[in-house]
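**Q** Sequence:
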Amino acid sequence: MVAPADALRNGPRIRDLMLFGDSMLARFTKARIRHLERELHGTATVYNCAAGGWDSSDGVRCAPMLARPGWDVVVVSFGANDCAPWKRVPIDRFAENIDAIAEAFDGAHLVAFLPPVMQEIVRPGLGSRTNRELDAYREVLRAAVGADACLDTDQILNGGLEEDGLHLTGDAYTLLMPTLARVIARVTARTA
34 MVAPADALRN
44 GPRIRDLMLF
54 GDSMLARFTK
64 ARIRHLEREL
74 HGTATVYNCA
84 AGGWDSSDGV
94 RCAPMLARPG
104 WDVVVVSFGA
114 NDCAPWKRVP
124 IDRFAENIDA
134 IAEAFDGAHL
144 VAFLPPVMQE
154 IVRPGLGSRT
164 NRELDAYREV
174 LRAAVGADAC
184 LDTDQILNGG
194 LEEDGLHLTG
204 DAYTLLMPTL
214 ARVIARVTAR
224 TA
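The C-terminal position of the sequence shown is numbered 225 in our numbering, with every residue numbered one higher than the one before it.
No wet-lab data here; the hints were simulated from the structure. Errors might be hidden in some of the hints.
With beta-carbon atoms standing in for the labels, derived distance ranges [said to hold, decoys possible]: (1) ARG46 x GLU196: 37 to 43 Å; (2) LYS120 x LEU194: 15 to 21 Å; (3) GLY160 x THR78: 39 to 45 Å.
Even for Gly, the Cβ is constructed at its ideal location relative to N, Cα and C.
Given only the sequences and the hints, what does the whole structure look like? Please build it.
**A** Spelled out as structure tokens, the structure:
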């Protein structure tokens, strides 16, 4: 078994890595992208193809086109918007969407950036997302990529949320980046 740190230095060369999903990844600014590239020891170029507000229905619509370049690694994040009361993508549909996204990126190593435990804030006229509901969506994503291919944000963070109770702070991203790189290394080392 190759240790994740060794896999980063000595494992398969990751050339192209795509971030694909919702605002959890869309908030990877240029500085955060460069941070991830450094954590990957300069082996990859990271491309951000995520958008705030996207749910898995947006992802399944865009995945076939975005899969054409043939990515080495695709980091996906969906679920937080899917479970929002104003979108409420049914869990069965979410599972179908995630399966279709995974199929579109067949050949790429998939990694899940799982949404964090959030503060349950009621939004007037919209309702609130609940962690209980989000857990179900998170588990579908985990099952699709495999538990060892997931960045479990809540296992690392204690808080780290913006005032909106959902999005991660800059410090939280900084804290998560080395672990994300290790998950990527672990997943790509499977074929080394």
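**Q** Between the beta carbons of GLY160 and THR78, is the distance compatible with 39 to 45 Å?
**A** 40 Å, holds
**Q** Does the hinted range 15 to 21 Å hold for LYS120 and LEU194 at CB?
**A** Hint holds: Cβ distance 20 Å, inside 15 to 21 Å.
**Q** Within 37 to 43 Å: is that where the Cβ-Cβ distance between ARG46 and GLU196 falls?
**A** Given range 37 to 43 Å: holds, Cβ gap about 41 Å.
In terms of the numbered hints stated before, the structure departs from none.
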